[in-house]
Amino acid sequence: MDTIKQFSIFVENRQGKMAELTRLIADAGIDVRSLSLADTRDFGILRIIVNKPDETEQLLTEHGWTFKVTKVIGVKVPDIPGGVATVLERLDAANINVEYMYAFVNRKPGEADMIFRVDDRNAALAALREGNIAVLTAEEAYDI
Amino acid sequence: MAKFWREDIETMSSEDMRALQSERLRKQVRHVYDNVPYYRNMMDNKGVAPDDIQSVDDLKKLPFLSKADLREAYPYGLLAVPLTDCVRIHSTSGTTGKRVVAFYTQHDVDLWEDCCARAITAAGGGADDVVQVAYGYGLFTGGAGLHGGSHKVGSLTLPMSSGNTERQIQFIQDLGATVLCCTPSYAAYIGETIHDMGLSPDDLQLKAGIFGAEPWTEEMRRSIEKSLGIKAYDIYGLTEISGPGVAFECCEQKGMHINEDHFIAEIIDPETGEVLPDGTVGELVFTSITKEAFPLLRYRTRDLCVLTRGKCACGRTLVKMAKPMGRSDDMMIIRGVNVFQSQIETVLIEQGYSPNYLIEVDRVNNTDTLDISVEMTAEQFSDKMKDLQDTERELASAITAMLGIRPKVHLVSPKTIARSEGKAVRVIDRRKLHD
Chain A
1 MDTIKQFSIF VENRQGKMAE LTRLIADAGI DVRSLSLADT RDFGILRIIV NKPDETEQLL
61 TEHGWTFKVT KVIGVKVPDI PGGVATVLER LDAANINVEY MYAFVNRKPG EADMIFRVDD
121 RNAALAALRE GNIAVLTAEE AYDI
Chain B
1 MAKFWREDIE TMSSEDMRAL QSERLRKQVR HVYDNVPYYR NMMDNKGVAP DDIQSVDDLK
61 KLPFLSKADL REAYPYGLLA VPLTDCVRIH STSGTTGKRV VAFYTQHDVD LWEDCCARAI
121 TAAGGGADDV VQVAYGYGLF TGGAGLHGGS HKVGSLTLPM SSGNTERQIQ FIQDLGATVL
181 CCTPSYAAYI GETIHDMGLS PDDLQLKAGI FGAEPWTEEM RRSIEKSLGI KAYDIYGLTE
241 ISGPGVAFEC CEQKGMHINE DHFIAEIIDP ETGEVLPDGT VGELVFTSIT KEAFPLLRYR
301 TRDLCVLTRG KCACGRTLVK MAKPMGRSDD MMIIRGVNVF QSQIETVLIE QGYSPNYLIE
361 VDRVNNTDTL DISVEMTAEQ FSDKMKDLQD TERELASAIT AMLGIRPKVH LVSPKTIARS
421 EGKAVRVIDR RKLHD
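Keeping their order, the protein sequence lines are chains A and B. Using the numbering used here, the letters of the first sequence map in sequence onto residues 1 to 144. Using the numbering used here, the letters of the second sequence map in sequence onto residues 1 to 435.
Read the hints as simulated data drawn from the structure, not as lab findings. Errors might be hidden in some of the hints.
[Stated by the list, open to error] Here are some chain A residues pointing at chain B (derived, C-beta under 7 Å):
#1 S8
#2 F10
#3 E12
#4 N13
#5 A38
#6 I45
#7 E62
#8 K68
#9 T70
#10 E99
[Unchecked claim] Lysine-lysine pairs mimicking DSS-like chemistry, simulated, CA-CA at most 30 Å apart:
#11 B:K408 x A:K68
#12 B:K207 x B:K231
#13 B:K415 x A:K71
#14 A:K17 x B:K384
#15 B:K408 x A:K17
#16 B:K231 x A:K5
#17 B:K231 x A:K52
#18 B:K61 x A:K52
#19 B:K231 x A:K17
#20 A:K5 x B:K386
#21 B:K61 x A:K68
#22 B:K207 x A:K5
#23 A:K71 x B:K67
#24 B:K61 x B:K408
#25 A:K68 x B:K231
#26 B:K61 x A:K17
#27 A:K68 x B:K415
#28 B:K408 x A:K52
Predicted, not measured: the structure shown is a model, and the values here were computed from it. Backbone N, C-alpha and C define an ideal beta-carbon position, used for all residues, glycine too.
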């Protein structure tokens, strides 16, 4: 399975909101595998990938957080100069639009994993395969 | 320099004034009853005949008119003369649906300008003065009223309209303007700009300012007076009754004299409609007793204020109204524009938002700010930042189209805006407009 579930959570730019959210997740025994924050003056969107997506969805719903489950893809980017550029060029050549991307925490040497949110996941996966660029499976991402 | 524009009227004894008002009221009630079917029906329904109104004491028998009546009767329902006798219209700035349009005969324009001439004279303006009118011209009554008043007193009139601040300052300097007429927030802005340009009040000939059309504080008055080196005078009016000059301030700066030979003022309990004694806070109600085209009887302004009688140290005997201290409805005046909470709520609901919102009004650097926090539903949330920013922008544009001024919109999570038991607090006005 090559698509990864990401949680995009609306967080108002108020003191303590981020701590409240991360504490909620921690206390449920959920491990955040990767995290990215996009923010404006008023609010932020916290994007996380977790080891237990189903439990997380239930937890956020129960506690009234505004969120969306978004499907993203993970790419094993070669950890060499030009690694990211090669991936982006490959996607660009296939006319795939990248909405956003961020680094994924990974402890394997020589590999720098990244998360991509694209407009057409299947086309993106095909383009990467064609370019012999390895993708991260959901199992790898969740570290199951 | 003349102290009064119409000394006979402005210093008239209270007995004579009452007699004059009673005579004019009798005539006016007959005029309205005969020519305005809308009001005639209201009187008939209340069982009041024109002959029941013999003096000012009988005023309380007449039915009230409200803004809702003006909208219902739009555009010609309250017109009391043939349209061919009218020479002009003006219209209100704020709109909840239909605008309010007021009509004027030449006689109505003359009496209105005469009221403005009294205001300019009370502020020390005369034939030797240069009056810069920086109120907006057009449908808004501000520009036209002070412009006409300035002509009446024979001042050199600079019809600037609002905006283009550097040109305003250039004219104040080059043409030696002595009296500035505009909104208080614009006066404050001109004062700041003059300072930023490295000029001081000593470089200017200005001696007085006539400022109105929006609420302002005593603190703001002192700050404007200092920045422009002038004495600042308040002026009050509303399009429905004529425009600026319904009441004006004298050199005492302690309340505004109402031109009660044209407009009878009452203070009522906004809940019961009962007339309250002088010195009590209540809703201000005006009756036009001289206007021909658009003569409103017992029009409820929704402004809360106090009336005081007695001879003023300036010599005038005209009844004084305090600066309005609030509204008996949900109207706010933001950047000179009338804004109703209900207008904002209408847009939010039309655009599919929850009725849980918070309106915050403040004044930063003498400019009003309007911030609206809106709860977003889970369906409206997107994980793309651009989508959320577009959502905020689209909502701000829809509100701008309704109000005429642009708010800042803030999306917040569902259920984060405080629910209160009973009447929800949806508006927080942090401007200190009332001392």
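Hints, verified against the model:
This hint holds: A:S8 has a C-beta 3 Å from the nearest C-beta of chain B, less than the 7 Å allowed. With 7 Å as the threshold, the beta carbon of A:F10 comes within range of chain B, its nearest partner Cβ sitting at about 5 Å, so the hint holds. Below 7 Å, beta-carbon pairs count as interface contacts, and A:E12 has one with chain B at about 6 Å; its hint therefore holds. Taken as an interface hint, A:N13 does not check out: its beta carbon lies about 9 Å from the nearest beta carbon of chain B, beyond 7 Å.
The beta carbon of A:A38 is positioned within 7 Å of a beta carbon in chain B (closest approach about 5 Å), and the interface hint is therefore held. Interface restraint check: A:I45 against chain B, minimum CB-CB distance 6 Å, threshold 7 Å, status holds. Checking A:E62 against chain B by beta carbon gives a least distance of about 13 Å; that is not within 7 Å, so the hint is violated. For A:K68, the shortest C-beta to C-beta distance to chain B is roughly 5 Å, which falls under 7 Å, so the interface hint holds.
With a cut of 7 Å, the hint placing A:T70 at the interface with chain B holds, because the nearest CB-to-CB distance is about 5 Å. For the restraint placing A:E99 at the interface with chain B, the shortest Cβ-Cβ distance is roughly 6 Å, inside the 7 Å limit, so the hint holds. The suggested pairing of B:K408 with A:K68 holds, with an alpha-carbon distance near 25 Å, which does not exceed 30 Å. Distance check on the hinted pair: B:K207 and B:K231 sit about 6 Å apart at the alpha-carbon level, within 30 Å; holds.
Taken as a hint, the B:K415 and A:K71 pair is honoured in the structure, with Cα atoms around 27 Å apart against an allowance of 30 Å. Between the alpha carbons of A:K17 and B:K384 the distance comes to roughly 20 Å, so the proposed pair stays at or under 30 Å and holds. This hinted pair checks out: B:K408 and A:K17 have alpha carbons roughly 22 Å apart, not beyond 30 Å. Straight-line distance between C-alpha atoms of B:K231 and A:K5 comes to about 68 Å, which puts the hinted pair past the 30 Å bound.
Distance check on the hinted pair: B:K231 and A:K52 sit about 71 Å apart at the alpha-carbon level, beyond 30 Å; violated. For the hint pairing B:K61 with A:K52, the CA-to-CA distance comes to about 75 Å; that exceeds 30 Å, so the pair is violated. Proposed proximity of B:K231 and A:K17 is contradicted: the alpha carbons are some 50 Å apart, above 30 Å. Distance check on the hinted pair: A:K5 and B:K386 sit about 21 Å apart at the alpha-carbon level, within 30 Å; holds.
Using a Cα cut-off of 30 Å, the hinted pair B:K61 and A:K68 is violated, with the two alpha carbons roughly 63 Å apart. A distance of roughly 70 Å separates the Cα atoms of B:K207 and A:K5; the hinted pair therefore is violated under the 30 Å criterion. Between the alpha carbons of A:K71 and B:K67 the distance comes to roughly 54 Å, so the proposed pair goes past 30 Å and is violated. A hinted pair counts as satisfied when its Cα atoms are at most 30 Å apart, and B:K61 with B:K408 does not qualify at roughly 46 Å.
A C-alpha spacing of about 60 Å is found between A:K68 and B:K231, which places the hinted pair above 30 Å, so the restraint is violated. For the proposed pair B:K61 and A:K17, the alpha carbon gap of about 60 Å is over 30 Å, so the pair is violated. For the proposed pair A:K68 and B:K415, the alpha carbon gap of about 17 Å is at most 30 Å, so the pair holds. A hinted pair counts as satisfied when its Cα atoms are at most 30 Å apart, and B:K408 with A:K52 does not qualify at roughly 38 Å.
When each numbered hint is compared with the structure, violations occur for hints 4, 7, 16, 17, 18, 19, 21, 22, 23, 24, 25, 26 and 28.
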